[in-house]
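Visitor: Sequence:
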Amino acid sequence: MSTHTQISAEEQRLLAQLNRERMPTHIAIIMDGNGRWAQERGLSVHQGHQAGREAVKRTITACLQLGIPYLTVYAFSTENWRRPASEVNFLMKLLEQALEEELDELKRSGVRVRVIGRLHERLPETLVRKVQRVIEETKHNRKLTFTVALNYGGRAEIIDAARKVALEAAAGRLDPFSITEENFHEFLYTNGTPDPDLVIRTGGEMRLSNFLLWQLAYAEFISIPTYWPDFDKNELLRALLEYQRRERRFGGRSAKGP
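Each residue of the sequence shown is one higher than the one before, counting from 1 in the numbering used here.
No wet-lab data here; the hints were simulated from the structure. From the three backbone atoms N, C-alpha and C, an ideal C-beta is built for every residue, glycine too. Mixed in with the good hints, there may be bad ones.
To be verified - List time: in silico DMTMM-like cross-link candidates among lysine to aspartate or glutamate, alpha-carbon distance up to 25 Å: (1) K107 - E79; (2) K139 - E54; (3) K130 - E54; (4) K143 - E21; (5) K57 - D104; (6) K139 - E186; (7) K130 - E102; (8) K57 - E182; (9) K143 - E220; (10) K130 - E96; (11) K93 - E137; (12) K93 - E21; (13) K164 - D195; (14) K93 - D197; (15) K143 - E205; (16) K130 - E168; (17) K107 - E87; (18) K57 - E186; (19) K93 - E105; (20) K57 - E247; (21) K139 - E87; (22) K57 - D197; (23) K130 - D160; (24) K143 - E100; (25) K130 - D197.
Claimed, not checked - Ranges of calculated distance between the beta carbons of each label pair, as one might list FRET restraints: (26) Q12 - E168: 48 to 58 Å; (27) F184 - N210: 35 to 45 Å; (28) R82 - A16: 17 to 27 Å; (29) T126 - Q12: 39 to 49 Å; (30) S44 - Q6: 28 to 38 Å; (31) A85 - K57: 20 to 30 Å; (32) Q6 - R118: 36 to 46 Å; (33) R249 - N191: 22 to 32 Å; (34) L94 - I7: 26 to 36 Å; (35) A217 - K164: 11 to 21 Å; (36) F184 - S44: 34 to 44 Å; (37) Q65 - E101: 39 to 49 Å; (38) R245 - Q6: 25 to 35 Å.
Take these sequences, add in the hints, and give me the full structure.
Guide: Okay, structure coming up:
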């Protein structure tokens, strides 16, 4: 995760076009295409996930270099339990291994790790313990907040938030009519993190797949055909340039006219 890397001519070209005054604060990524990447190369899906881990490391490094303070990745959804047991077991072990092996570098790089999702449902206890350790040991870091959506579903998050609101109201600690969009956010897993400005989906699909349904209401969505294992800083820069070409209206009218 070292931020000192040699810059290619293409990277220099892309960086020269980037407007540093219009950078997103928070990027969310739907990491798709590990399986297809592996299949096209005659490799196992496990090898695809291993390559995907390297893409995560590259992306963290790129965000640190570009000064982007928040990055969220969709690592494992509540729907991913439907995959073959052998693949699920491998992913759990890969996550454990990554947390163990990357912790020191994350700490050195100033990365704070957050994990969102139903962490106490179905996940291996050994993984949960490693998650808790990494969260604790990186909690004071401030250069980049790296959020991992693990056993996560957008609908499940909203249901869990609604349950918290109902319990607070039933206990007399909350007036249901006082709930607004702003304070409802306090009951979400992502409380304390700004909503994403940009969501990138690799692999060419055009859907959110139950990811951050509340938080992505006004995010710019960019789908790229590149499979996740091939995602690198240049791909990120191209997505940022596309983001900067857009006008974010948040439901209002364009400043350029109707």
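Visitor: All hints, please: hold or fail.
Guide: Status of each hint after checking the structure:
1. K107 - E79: violated (31 Å)
2. K139 - E54: Holds. K139 to E54 sits at ~23 Å (cutoff 25 Å).
3. K130 - E54: holds (19 Å)
4. K143 - E21: holds (18 Å)
5. K57 - D104: Distance ~13 Å between K57 and D104 Cα, so the pair holds.
6. K139 - E186: Distance ~19 Å between K139 and E186 Cα, so the pair holds.
7. K130 - E102: holds (12 Å)
8. K57 - E182: violated (33 Å)
9. K143 - E220: At roughly 23 Å apart (the allowed maximum being 25 Å), E220 and K143 satisfy the hint.
10. K130 - E96: holds (7 Å)
11. K93 - E137: The hint holds at about 20 Å.
12. K93 - E21: Outside the cut-off at roughly 40 Å; violated.
13. K164 - D195: Between K164 and D195 the Cα gap is close to 20 Å, so the pair holds against 25 Å.
14. K93 - D197: violated (31 Å)
15. K143 - E205: violated (31 Å)
16. K130 - E168: violated (31 Å)
17. K107 - E87: violated (29 Å)
18. K57 - E186: Measuring from Cα to Cα gives roughly 30 Å; hence the hint is violated.
19. K93 - E105: holds (19 Å)
20. K57 - E247: violated (30 Å)
21. K139 - E87: At roughly 31 Å apart (the allowed maximum being 25 Å), E87 and K139 break the hint.
22. K57 - D197: Satisfied, since the Cα-Cα distance of roughly 21 Å is no more than 25 Å.
23. K130 - D160: Satisfied, since the Cα-Cα distance of roughly 24 Å is no more than 25 Å.
24. K143 - E100: Between K143 and E100 the Cα gap is close to 20 Å, so the pair holds against 25 Å.
25. K130 - D197: Violated, at roughly 30 Å.
26. Q12 - E168: 48 to 58 Å: holds (53 Å)
27. F184 - N210: 35 to 45 Å: With a Cβ separation near 19 Å, F184 and N210 fall outside 35 to 45 Å, so the hint is violated.
28. R82 - A16: 17 to 27 Å: Since R82 and A16 have Cβ atoms about 45 Å apart, the given range 17 to 27 Å is violated.
29. T126 - Q12: 39 to 49 Å: holds (44 Å)
30. S44 - Q6: 28 to 38 Å: Holds, at about 31 Å.
31. A85 - K57: 20 to 30 Å: holds (27 Å)
32. Q6 - R118: 36 to 46 Å: holds (42 Å)
33. R249 - N191: 22 to 32 Å: At roughly 26 Å between Cβ atoms, N191 and R249 fall inside 22 to 32 Å, so the hint holds.
34. L94 - I7: 26 to 36 Å: Given range 26 to 36 Å: holds, Cβ gap about 30 Å.
35. A217 - K164: 11 to 21 Å: Roughly 20 Å apart at Cβ, these two residues keep to the hinted range, so it holds.
36. F184 - S44: 34 to 44 Å: holds (43 Å)
37. Q65 - E101: 39 to 49 Å: Once the Cβ atoms are compared, 21 Å apart, the range 39 to 49 Å for E101 and Q65 is violated.
38. R245 - Q6: 25 to 35 Å: With a Cβ separation near 28 Å, R245 and Q6 satisfy 25 to 35 Å, so the hint holds.
In the structure shown, a violation is registered for the earlier hints numbered 1, 8, 12, 14, 15, 16, 17, 18, 20, 21, 25, 27, 28, 37, in ascending order.
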